[in-house]
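**Student:** In order, the protein sequence lines correspond to chains A and B. With the numbering used here, the residue at position 160 of the first sequence is 160, and numbering never jumps. With the numbering used here, the residue at position 269 of the second sequence is 269, and numbering never jumps.
It should be emphasised that the hints constitute simulated quantities derived from the structure, not laboratory data. Computed from a predicted model, the values in this text were never measured in an experiment. Hints may be right or wrong, so weigh each one.
Claimed, not checked - With a straight-line cut-off of 30 Å between C-alpha atoms, the simulated DSS-like cross-links for lysine-lysine are:
id	chain 1	residue 1	chain 2	residue 2
1	A	K147	B	K133
2	A	K285	B	K147
3	A	K147	A	K133
4	B	K133	B	K147
5	A	K147	A	K285
6	B	K285	A	K133
7	B	K285	B	K147
To be verified - Computed footprint of chain B on chain A, listed as stretches where at least three residues anywhere in the stretch have a Cβ under 8 Å from a Cβ of chain B:
id	segment
8	14 to 21
9	167 to 177
10	215 to 221
11	274 to 284
12	343 to 354
Backbone N, C-alpha and C define an ideal beta-carbon position, used for all residues, glycine too.
Given next are the chains, with one letter for each unit.
There are 2 protein chains.
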Amino acid sequence: MPTAWLELPEDTPFGLNNLPYGVYTTPQDPETACVGVRVGDHILDTAACAQALGDPNADILDHPTLNPFLAAGRPTWQAVRRSVTTWLTDTALRPAVEPHLVPVEDATMHLPFEVADYVDFYSSEHHATNVGKMFRPDAEALTPNWKHMPIGYHGRAGTVVVSGTPVIRPAGQRMDGDDPSPVFGPSRRLDIEAEVGFVVGTPTRTGERVPLPALADHVFGVCLLNDWSARDIQAWEYRPLGPFLGKSFATSVSPWIVPLDALATARVSPPPRDPALLPYLDDSKEEPWGLDIRLTVGLNGYTVSEPPFSGMYYTAAQQLAHMTVNGASLRTGDLFASGTVSGPEREQRGCFLELTWAGREPVALPDGNQRTFLEDGDEVAISAWAPGPDGGRIGFGEVTGRVLPATL
Amino acid sequence: MPTAWLELPEDTPFGLNNLPYGVYTTPQDPETACVGVRVGDHILDTAACAQALGDPNADILDHPTLNPFLAAGRPTWQAVRRSVTTWLTDTALRPAVEPHLVPVEDATMHLPFEVADYVDFYSSEHHATNVGKMFRPDAEALTPNWKHMPIGYHGRAGTVVVSGTPVIRPAGQRMDGDDPSPVFGPSRRLDIEAEVGFVVGTPTRTGERVPLPALADHVFGVCLLNDWSARDIQAWEYRPLGPFLGKSFATSVSPWIVPLDALATARVSPPPRDPALLPYLDDSKEEPWGLDIRLTVGLNGYTVSEPPFSGMYYTAAQQLAHMTVNGASLRTGDLFASGTVSGPEREQRGCFLELTWAGREPVALPDGNQRTFLEDGDEVAISAWAPGPDGGRIGFGEVTGRVLPATL
């Protein structure tokens, strides 16, 4: 890897091996959202730089969302990645490129892409087992289908918001204990779910399937995702058609989409599967698509959990193969998420439902406070990194959100 | 109601009281999709006519989808409805209007709006009870929440298609009887669900709720919907997060969106509810939003069922109030559907799962064939009408689809 002419902070997680994409505005021109690539503590105005240098992909980058670039497909993603690397390393280009660098602290980040459909999976065995024990104490923790397919459902695409957007506490029906009928009010069990999201670029036609090896032809990149969840609303409503209002009020995503091509050194083998999977999901003879992404969940500035993504039972390749095996088409901007990332240890659980065992074991914070579920004013920040080449880190930045009181 | 200068077929369900909206192309200009209003056996090129007559709303109609018109809000919907009525009744305008009429048989209909989020409810007590008995024979047919809220879930917006689009038989996992593990293959239990869909025009902000009386401020109109369902895939996958691949391969909608304003004479009281609903769902003191829409389900040209929409337990006003009570925002183009419309009698059931009682009681067709679930080549057509003023009918047209073999 050549060296950047731009001075990068030591050990930056946004080095030349990362180069994630986002959409930003500046105070000088708050109406014009631009595609930017992050490098160190700067954002490169990608379209402007491409235009200045006569790059053939300038036009698809000159939009207020990533969608046209996502739709262009993998050869274009790779071509632009090579171009950006050249722009930042070829000192002869420095005079042309440098004017298009914006300090990250001057920028406001926006939702980086228009979300088409949003699908949320449920692919951590630890999470699914823990939730099963709490939601269905009289049954097997894992439903009989769980080890045969990545269970998932469609969420609300219209309420996917960018990191930093406040989240209003939802109201809804809940059934308290042995009450004869439900009551209505603000959720008392507002929770997070720390997840990893995958952004589809290349669409498919109806009836087309995406086999396991084709993941990188369709998925452009990876973000962090907080699937805010109202556990009391969810527990009462979810039978038999699944979560609805307990989830649909907000889903937050990180502003930076890390290209899948930046995660080559993060690929690891997923855990062994038993029983064996059906052929369309069997990745035992494929290059593994497990990813060593290390999440940190922060509450009001304190780390409360460090969920390891590497232990997820199903990979993104399996999720995409499953999602399309019935012939359902993909659109540019489709977003699918891993489901809550939880490891085997308590301090690796990716939601408060699990961390506090349904509220029975509060989490103690260093400031003397404790939490079962989220209180108004709480600020959640989920961050992550993955191993890069040469011992470096590939950073995902963070997805944050503060809880606002219900608007009843 | 004044009389049209245009000669309309006797007893047409597309008279001046209806005036539904769609999007069409003609063979003369197959690349230019236009917004059209149906009247009798003709389509009025709405934007061209508005432009010719200097109507102030010409611009929002001059698009290949209804979305800009939907976004304009109810006063605009009503203004354009008044304008169209004037154009078709004022004989002085006939020379200017008549050139913009296209025979309906010359037109190809397209998906009339870009679907934002798609939500499917489950609001027929008869359907939910029947499905509960078949899917969960050891439990109460209705889950405990069912009579307290309109149960719903998000479907796949990207696979909503217009009537006439062929439907490829999906493949997926199913669990046969007491087999130890699932098998993969084309669905053997491909089914339909005859439903009524509601199209959102006016969006809301996050945290805003849509109370019962505000339905008509947000919902522009009504269509027919076929929620194709693979029952074997669905039965195996749906626990605990609800239907996913058993539904996501295709959802068909009729090409004509009947304005809610055309259904004033179809409003009826919904059935009594016991137990009483929570205040945000209690419509006992509201103008009723039950709708007397009479559906017909046809298979290969034979009527197999006539589901009555008037008996639905929850109305669209309640569905919308519920969907937004947690603060989830609405977008222009959101589509929500009633759930399968089934009446109390066998010949009123809106899907083959119920009509054949999970395949155990085949439906005999007049041609000597019988059906449990759909076979390749089968053509389904769902049509409907509602009472209009003066004994006339408001027609919804139909939503059709033919089953193509799996593409395994």
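**Student:** Take the hints in turn and mark each one as holding or not.
**Tutor:** How the hints compare with the structure:
no., hint, result
1, A/K147 with B/K133, "26 Å, holds"
2, A/K285 with B/K147, "49 Å, violated"
3, A/K147 with A/K133, "16 Å, holds"
4, B/K133 with B/K147, "16 Å, holds"
5, A/K147 with A/K285, "18 Å, holds"
6, B/K285 with A/K133, "42 Å, violated"
7, B/K285 with B/K147, "18 Å, holds"
8, 14 to 21, "violated (count 0)"
9, 167 to 177, "holds (count 6)"
10, 215 to 221, "violated (count 0)"
11, 274 to 284, "holds (count 4)"
12, 343 to 354, "violated (count 0)"
Hints 2, 6, 8, 10, 12, counting from the list given before, are not met by this structure.
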